[in-house]
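Place chain L on chain Y using the hints.
Protein chains: 2
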Amino acid sequence: MRLEILPVEGIGDVTPGDDLAELITGAAPWLRDDDVLVVTSKIVSKAEGRLVEVPADGPERDEARVRALESETARVVARRGPTTIVQTHHGFVMAAAGIDASNVDKTHLVLLPADSDASARRLRADLAARGLDVAVIVSDTMGRAWRNGLTDVALGASGIDALLDHRGEIDPYGNELSLTQMAVVDELSAAAELVKGKCDQVPVAVVRGYPRRVSDADAGVRVLIRDAESDMFGLGTAEAHAQGLRDAAVITDAAQVGDFADPEAGMAAAQRALELVGDVATPGTQIVGSFDHMRLTPGGDEPAGLIRLGVIAHRLRAALAAEGFATRLEIDDQGATLRFGEA
Amino acid sequence: MRLEILPVEGIGDVTPGDDLAELITGAAPWLRDDDVLVVTSKIVSKAEGRLVEVPADGPERDEARVRALESETARVVARRGPTTIVQTHHGFVMAAAGIDASNVDKTHLVLLPADSDASARRLRADLAARGLDVAVIVSDTMGRAWRNGLTDVALGASGIDALLDHRGEIDPYGNELSLTQMAVVDELSAAAELVKGKCDQVPVAVVRGYPRRVSDADAGVRVLIRDAESDMFGLGTAEAHAQGLRDAAVITDAAQVGDFADPEAGMAAAQRALELVGDVATPGTQIVGSFDHMRLTPGGDEPAGLIRLGVIAHRLRAALAAEGFATRLEIDDQGATLRFGEA
Chain Y
1 MRLEILPVEG
11 IGDVTPGDDL
21 AELITGAAPW
31 LRDDDVLVVT
41 SKIVSKAEGR
51 LVEVPADGPE
61 RDEARVRALE
71 SETARVVARR
81 GPTTIVQTHH
91 GFVMAAAGID
101 ASNVDKTHLV
111 LLPADSDASA
121 RRLRADLAAR
131 GLDVAVIVSD
141 TMGRAWRNGL
151 TDVALGASGI
161 DALLDHRGEI
171 DPYGNELSLT
181 QMAVVDELSA
191 AAELVKGKCD
201 QVPVAVVRGY
211 PRRVSDADAG
221 VRVLIRDAES
231 DMFGLGTAEA
241 HAQGLRDAAV
251 ITDAAQVGDF
261 ADPEAGMAAA
271 QRALELVGDV
281 ATPGTQIVGS
291 FDHMRLTPGG
301 DEPAGLIRLG
311 VIAHRLRAAL
321 AAEGFATRLE
331 IDDQGATLRF
341 GEA
Chain L
1 MRLEILPVEG
11 IGDVTPGDDL
21 AELITGAAPW
31 LRDDDVLVVT
41 SKIVSKAEGR
51 LVEVPADGPE
61 RDEARVRALE
71 SETARVVARR
81 GPTTIVQTHH
91 GFVMAAAGID
101 ASNVDKTHLV
111 LLPADSDASA
121 RRLRADLAAR
131 GLDVAVIVSD
141 TMGRAWRNGL
151 TDVALGASGI
161 DALLDHRGEI
171 DPYGNELSLT
181 QMAVVDELSA
191 AAELVKGKCD
201 QVPVAVVRGY
211 PRRVSDADAG
221 VRVLIRDAES
231 DMFGLGTAEA
241 HAQGLRDAAV
251 ITDAAQVGDF
261 ADPEAGMAAA
271 QRALELVGDV
281 ATPGTQIVGS
291 FDHMRLTPGG
301 DEPAGLIRLG
311 VIAHRLRAAL
321 AAEGFATRLE
331 IDDQGATLRF
341 GEA
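If you're matching them up, the sequences are chains Y and L in order. My numbering puts the first sequence at residues 1 to 343. My numbering puts the second sequence at residues 1 to 343.
Just chain Y, with the same shape it has in the complex (with noise of 0.2 Å):
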């Protein structure tokens, strides 16, 4: 296998309404059957009107900005500063939406295609209705966690598969693969983007070479997308973290309390809920208990001292709540019964 990564030079300015397989087509009339297109959806986007209106600058330049990142935004992934990182409603997770403010005149912010894989069928059957026979990837330019610096990843896509298994192959050693599931696209993209300028006005590129799977060649990138239950960084660290105390703060007196599969994970939990919370009550509280219960008495009559064991009684149930219980308050005149079980 060797692969060419060819340029589309000379496509210029696309305004809404323009046809991009013809203007592909008369950039590149050396684009050939099995070429793998690699496409900005800037211009995509441009082509298809997704288009909002702003003021050139002021106040109600920023206020147009915020209105459109909410029209764009199923949910708040992080914030920090200026920068908002969202879901948008393809389930990208991206900084400010994917809108973005750039190759584009100072009245317009370009949003992303609206289904950037329909986008990506669309072009792709204009192209066969042309004779030619290629796959089309919408690409455009992300954050990532973790490491500093951008790539181009694939958006939407037709006629490849986003995603090449390698699962079940045998390595020279005799090991089967058991994990490896490569995001080609992806890599196709970030290949393409080597090839583009950011203002040179290159957004198309072809990969030449490249074998193609196709299992299913309206499949997409959906399969790139994780959804927020399986992510395990679904929500940024400040965020999630918040939602912890927010969570502390309302537990419910009331909640239902599992047995245990498992007493002396109870048991372990209860140690090291109190040897955490012990660190910073103040004594006079007397704790005694089980794997699935404490009793909190205090140590003697004054008020000061009731109020400082429910206090501790809190403190104890949000330790216990970091520790995946379900826990069960359940106040006397004597003191408290804190009963903690399978969330």
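What the hints contain is simulated information worked out from the structure, not anything from laboratory work. Worth double-checking, as some hints may not be accurate.
To give a feel for the contact side, a few chain L residues facing chain Y, derived at Cβ under 10 Å [unchecked claim]: (1) R144; (2) Y173; (3) G174; (4) E239; (5) H241; (6) A242.
Note that CB positions come from ideal geometry on N, CA and C, so glycine has one too.
Then chain L, alone, in the frame of chain Y:
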């Protein structure tokens, strides 16, 4: 610009002590100046002897893997089921610290190179000694947050700037680009992966025609590593949430409370905290306050009411901590005063 991506075939098995420059130039006598050589970290590790002997199976193998992971881990970022994502001593955030059991015999694990930038520098120097002026990238396959599928990225580099900085460039519409720094060594690694197989023993690929920038040949990939403090995803969502709960358990009564720069913000936060806690707290306790404190008094003189007052006080502290405020709790025999302000 026009790139070629060329696989280097026939390198075969690599063992500790092997001279990679010799193996690579032997397999690719067609290498020439200005090529970018992308070398899979696995063969670098093997040549450098970064192998750990492990039993071929059984619980001893699992234990040896756990020990290897611990030794390669600077800090744990997230855990879920069998998956542990850590930050390595190099600063990379990777599942299992990049330790791999594929493409090696069953009695060894392969660790990442100890210093992958140094590995890239050495190989580049060895190739320079053979009269070749190339860039060298050491790459590996990595998962990402938010997107399924893996891509190859750079763990080390020499003779090429890791980032290509477009900041300050002016687009055709007169907009200055502000945020665009491309991680080109990651994109080159991804491009190279497209011609490597996972089981085909093609551990090296060459990118030809890329006009690399070299402002500091020895800077390596350190510039790509985002430190945990400036990373909005420095900890897994579940881990950060649990840390919030733990922090709620240990808010110290005697915390220093700063003055409010903005009393209105304090008032609004207090209001939100009361609303949050009010939904779950049993009535009885009376709360009056202002922008920087709340005074809690019991509805009557039953001990249970005093205990509940303590619970409510700590709930409010957790809610205020979620808003980013420090609190101090002063308990007396008539009730409790919660002071809050800038942390």
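How the hints compare with the structure:
1. R144: Where the cut-off is 10 Å and the nearest Cβ of chain Y is about 6 Å from R144 of chain L, the hint holds.
2. Y173: 5 Å, holds
3. G174: It holds, given that the least Cβ distance between G174 of chain L and chain Y is near 7 Å, below 10 Å.
4. E239: 8 Å, holds
5. H241: 4 Å, holds
6. A242: 5 Å, holds
This entry satisfies every hint, going by the numbered hints stated previously.
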